[in-house]
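Peer 1: Since the structure of chain S is provided, determine the placement of chain B on it from the hints.
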Amino acid sequence: MGDFFKSLRFKILLALLVVLLAFMLRAAYMGGLGTMADYVLGVVATPFQRLSASISYSVTDILDTLFRAGEYKSENEALREEIRSLRQQLVDYDAAIQENKQYKQFLEIKENNQDFQVELAAVIGRSPDARFGSVTIDKGTIDGIELRDPVITADGLVGYISEVGPTYSQIITILDPTLHVGVSDARTRDTGIVAGTIALSQQGRCKMSYIDRGSAVAKGDIVVTSGVGGVFPKGLMIGVVSEVQVESHGTSLYAVLEPAVDIYGIKDVVVITGFEGQTRERSSAPGQNRAQEKMDASSQSESESPQSGADPQEEEP
Amino acid sequence: MTAIERKKFFSFFRYVVYAILFLTLYVLQNTPSLFSVYGVKPILLIPAAVVFAMYEGEFVGGVFGALAGMLCDLGGFFLFGFDAILTLVFSAVSGLLTIYLLRRNLRNAFMMVFVSMLIRCCLTYFFMYHIWQYEDVASIFWDSTLWVILYSTLLTPVYFWMWRKLCGFFHKRME
Chain S
-2 MGDFFKSLRF
8 KILLALLVVL
18 LAFMLRAAYM
28 GGLGTMADYV
38 LGVVATPFQR
48 LSASISYSVT
58 DILDTLFRAG
68 EYKSENEALR
78 EEIRSLRQQL
88 VDYDAAIQEN
98 KQYKQFLEIK
108 ENNQDFQVEL
118 AAVIGRSPDA
128 RFGSVTIDKG
138 TIDGIELRDP
148 VITADGLVGY
158 ISEVGPTYSQ
168 IITILDPTLH
178 VGVSDARTRD
188 TGIVAGTIAL
198 SQQGRCKMSY
208 IDRGSAVAKG
218 DIVVTSGVGG
228 VFPKGLMIGV
238 VSEVQVESHG
248 TSLYAVLEPA
258 VDIYGIKDVV
268 VITGFEGQTR
278 ERSSAPGQNR
288 AQEKMDASSQ
298 SESESPQSGA
308 DPQEEEP
Chain B
471 MTAIERKKFF
481 SFFRYVVYAI
491 LFLTLYVLQN
501 TPSLFSVYGV
511 KPILLIPAAV
521 VFAMYEGEFV
531 GGVFGALAGM
541 LCDLGGFFLF
551 GFDAILTLVF
561 SAVSGLLTIY
571 LLRRNLRNAF
581 MMVFVSMLIR
591 CCLTYFFMYH
601 IWQYEDVASI
611 FWDSTLWVIL
621 YSTLLTPVYF
631 WMWRKLCGFF
641 HKRME
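Those protein sequences? They're chains S and B, same order as listed. According to this note's numbering, the residues represented by the first sequence are -2 to 314, in order. According to this note's numbering, the residues represented by the second sequence are 471 to 645, in order.
With the rest of the complex left out, here is chain S (with noise of 0.2 Å):
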């Protein structure tokens, strides 16, 4: 074995792992932004997964069918009966004007999302070890997407960019403990910031905390984005309060949030590429991007940390 080290195969594996080191300083030293092998390898694996994907979906939708026929039917019949309870609560002169109060915030915050520059993208890539729930999708830098453009479902939000290639993008969503957004209580007005921890992320769900001692926030709230910070537009939907607990040190409450997005079931989203009061202070040169992404994460922790004594909060690793 020893000659082997003397050898030039051994001499040339060596400079192989210099390279690979550099590229993964480099990657470290650029943060979000990919190396040249990672954009040549991106731009030729996309295409196959973007077909595997579609493959995958059709097969599993039609397995899906057949195997889980029984289980549609008792969900449907459960839906049939959720209705006629729902059709019961209209009859309620009141619980229809409440309903009727919900619509209008919903009806204007539509309104408002007229500036919404968006990118449809579909979802082609889910890795092995990929961090609750996040996902790659098949729109780049060429589409125009950039880091930490928002993406969203017709349901609501699911996370932000946090790696961009020239033909797919890399998604973290909102069960992610490192990605903290601004949000308020549709009802109350309440704010607080929503991320995920790790028990909560493994049913689905995620975690709003720092919400006043004094709220009103109840179970079944609707939360949305506040939109302070200029990452996130106001308004998007996150989901709704499950239940609500004081925190352990007893100065705060925090809400176990329902996600109105089936993060880990996500086939298509939209990206939101350009809003309204959208923060995009970038950086083209290099190193400039990663000191730049802090200078931005510490600014959004301060504008979106809804009491001055919260915790210091960080939109990025």
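Calculated from the structure, these hints are not laboratory results. All residues carry an ideal CB built from backbone N, CA and C; glycine is no exception. Take the hints with a grain of salt, since some may be wrong.
Beta-carbon label-pair distances, calculated as ranges [as the list claims (entries may be wrong)]: (1) B:596 with S:245: 25 to 33 Å; (2) B:581 with S:151: 47 to 55 Å; (3) S:61 with B:634: 34 to 42 Å; (4) B:581 with S:26: 47 to 55 Å; (5) S:152 with B:577: 44 to 52 Å; (6) S:6 with B:574: 16 to 24 Å; (7) S:152 with B:479: 52 to 60 Å; (8) S:61 with B:581: 19 to 27 Å; (9) S:52 with B:479: 26 to 34 Å; (10) S:89 with B:609: 37 to 45 Å; (11) S:61 with B:592: 33 to 41 Å; (12) S:70 with B:505: 21 to 29 Å; (13) S:152 with B:489: 35 to 43 Å; (14) S:152 with B:574: 19 to 27 Å.
Distance condition first, Cα-Cα at most 20 Å in a straight line; then the derived SDA-like pairs of lysine to any residue [what the hints assert, rightly or not]: (15) B:635 with B:573; (16) S:264 with B:559; (17) S:3 with B:559; (18) S:3 with B:569; (19) B:642 with B:482; (20) S:8 with B:559; (21) S:264 with B:510; (22) B:477 with B:493; (23) S:3 with B:571; (24) S:3 with B:527; (25) S:8 with B:563; (26) S:3 with B:530; (27) B:635 with B:645; (28) S:264 with B:498; (29) S:8 with B:508; (30) S:264 with B:506; (31) S:8 with B:569; (32) B:642 with B:485; (33) B:478 with B:490; (34) S:231 with S:120; (35) S:264 with S:120; (36) S:8 with B:567; (37) S:264 with B:508; (38) S:3 with B:567; (39) B:642 with B:632; (40) S:3 with B:563.
Peer 2: Just chain B now, with coordinates in the frame of chain S:
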């Protein structure tokens, strides 16, 4: 085509085939829902590279290990180059051990894949989760990382059989 020309052709052609196979494994590995059992998906590229090095030796194995690792990095959510470096080292070590110390059999392939996956997944868990000290972070290891290691290792016979057939085919053509 003379014998020398045929040998040259196959020695080049086999690398193209190997590269296409690794690209295919990458696509399969990252295809949503494919091979997913209770939310756990196997890592295909690293075990395939480790077993490949048992047949092709430390040099070719190491180079293709680096390629497999780079593809892993492309679909993954960690630093680009991390998997490439690890897989290069795992493959080169696997090739050297097969040449100097171990027999090329399924039991040893299992052992090398398991150790490689264990080191790789533990390092990933450590850098991606443990050092950030998230609440209840150990559950990630027990509920996800461990199962990824086991599931990925269980597929070793597939790679062992695939590379034995393919490398055997090319080696025979080049003799």
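Peer 1: Please go over all the hints and tell whether each is borne out by the structure.
Peer 2: Evaluated hints:
1. In this structure the hint that residue 596 of chain B and residue 245 of chain S lie 25 to 33 Å apart at CB holds, the actual value being about 27 Å.
2. Between residue 581 of chain B and residue 151 of chain S the beta carbon distance is about 49 Å. The supplied range of 47 to 55 Å therefore holds.
3. Checked against the hint of 34 to 42 Å, the pair residue 61 of chain S and residue 634 of chain B passes, with Cβ atoms roughly 36 Å apart.
4. Range check, residue 581 of chain B to residue 26 of chain S: Cβ separation about 37 Å, and the 47 to 55 Å hint is violated.
5. Range check, residue 152 of chain S to residue 577 of chain B: about 50 Å between beta-carbon atoms, so the 44 to 52 Å window is met.
6. Range check, residue 6 of chain S to residue 574 of chain B: about 19 Å between beta-carbon atoms, so the 16 to 24 Å window is met.
7. A hinted range of 52 to 60 Å holds for the C-beta pair residue 152 of chain S and residue 479 of chain B, which are about 55 Å apart.
8. Distance hint for residue 61 of chain S and residue 581 of chain B: a CB-CB separation of about 37 Å, inconsistent with the stated range 19 to 27 Å.
9. Checking the proposed 26 to 34 Å range against residue 52 of chain S and residue 479 of chain B shows it holds: the Cβ atoms sit about 33 Å from each other.
10. Taking 37 to 45 Å as the suggested C-beta distance range, the pair residue 89 of chain S and residue 609 of chain B conforms, at roughly 43 Å.
11. Taking 33 to 41 Å as the suggested C-beta distance range, the pair residue 61 of chain S and residue 592 of chain B conforms, at roughly 34 Å.
12. In this structure the hint that residue 70 of chain S and residue 505 of chain B lie 21 to 29 Å apart at CB holds, the actual value being about 28 Å.
13. Restraint check, residue 152 of chain S to residue 489 of chain B: a C-beta distance of roughly 41 Å satisfies the suggested window 35 to 43 Å.
14. Residue 152 of chain S and residue 574 of chain B have their C-beta atoms about 52 Å apart, which leaves the hinted 19 to 27 Å range violated.
15. The straight-line distance between the Cα atoms of residue 635 of chain B and residue 573 of chain B is roughly 17 Å, inside the 20 Å bound, and the hint therefore holds.
16. For a cut-off of 20 Å, the pair hint linking residue 264 of chain S to residue 559 of chain B is broken: about 36 Å separates their Cα positions.
17. Using a Cα cut-off of 20 Å, the hinted pair residue 3 of chain S and residue 559 of chain B holds, with the two alpha carbons roughly 17 Å apart.
18. The suggested pairing of residue 3 of chain S with residue 569 of chain B holds, with an alpha-carbon distance near 16 Å, which does not exceed 20 Å.
19. For a cut-off of 20 Å, the pair hint linking residue 642 of chain B to residue 482 of chain B stands: about 14 Å separates their Cα positions.
20. Pair hint residue 8 of chain S plus residue 559 of chain B holds up; C-alpha atoms about 13 Å apart against a cutoff of 20 Å.
21. At roughly 18 Å between alpha-carbon atoms, residue 264 of chain S and residue 510 of chain B fall within 20 Å of each other, so this suggested pair holds.
22. Pair hint residue 477 of chain B plus residue 493 of chain B does not hold up; C-alpha atoms about 25 Å apart against a cutoff of 20 Å.
23. For the proposed pair residue 3 of chain S and residue 571 of chain B, the alpha carbon gap of about 19 Å is at most 20 Å, so the pair holds.
24. Restraint check for residue 3 of chain S and residue 527 of chain B: the C-alpha separation of about 16 Å stays at or below 20 Å, so the hint holds.
25. Pair hint residue 8 of chain S plus residue 563 of chain B holds up; C-alpha atoms about 15 Å apart against a cutoff of 20 Å.
26. Taking the CA atoms of residue 3 of chain S and residue 530 of chain B, the gap is about 17 Å. The hint holds against a cut of 20 Å.
27. At roughly 16 Å between alpha-carbon atoms, residue 635 of chain B and residue 645 of chain B fall within 20 Å of each other, so this suggested pair holds.
28. Restraint check: the Cα-Cα separation between residue 264 of chain S and residue 498 of chain B comes to about 17 Å, which is no more than 20 Å; the hinted pair holds.
29. Simply put, residue 8 of chain S and residue 508 of chain B have alpha-carbon atoms about 44 Å apart, too far for the 20 Å limit, and the pair is violated.
30. About 16 Å separates the Cα atoms of residue 264 of chain S and residue 506 of chain B, which keeps this hinted pair within 20 Å; it holds.
31. The suggested pairing of residue 8 of chain S with residue 569 of chain B holds, with an alpha-carbon distance near 18 Å, which does not exceed 20 Å.
32. For the suggested pair residue 642 of chain B and residue 485 of chain B, the alpha carbons sit about 15 Å apart, so the restraint of at most 20 Å is met.
33. With a CA separation close to 19 Å, the supplied pair residue 478 of chain B and residue 490 of chain B stays within the 20 Å bound.
34. For the hint pairing residue 231 of chain S with residue 120 of chain S, the CA-to-CA distance comes to about 25 Å; that exceeds 20 Å, so the pair is violated.
35. Of the supplied pair hints, the one linking residue 264 of chain S and residue 120 of chain S holds, its CA atoms being roughly 5 Å apart against a limit of 20 Å.
36. About 18 Å separates the Cα atoms of residue 8 of chain S and residue 567 of chain B, which keeps this hinted pair within 20 Å; it holds.
37. Taking the CA atoms of residue 264 of chain S and residue 508 of chain B, the gap is near 18 Å; set against the 20 Å cutoff, the hint holds.
38. For the given pair, residue 3 of chain S sits about 17 Å from residue 567 of chain B by alpha-carbon distance, which is consistent with the 20 Å threshold.
39. The hinted pair formed by residue 642 of chain B and residue 632 of chain B meets the criterion: a straight-line CA distance of about 15 Å does not exceed 20 Å.
40. Simply put, residue 3 of chain S and residue 563 of chain B have alpha-carbon atoms about 16 Å apart, close enough for the 20 Å limit, and the pair holds.
Hint violations for this structure: numbers 4, 8, 14, 16, 22, 29 and 34, all remaining hints satisfied.
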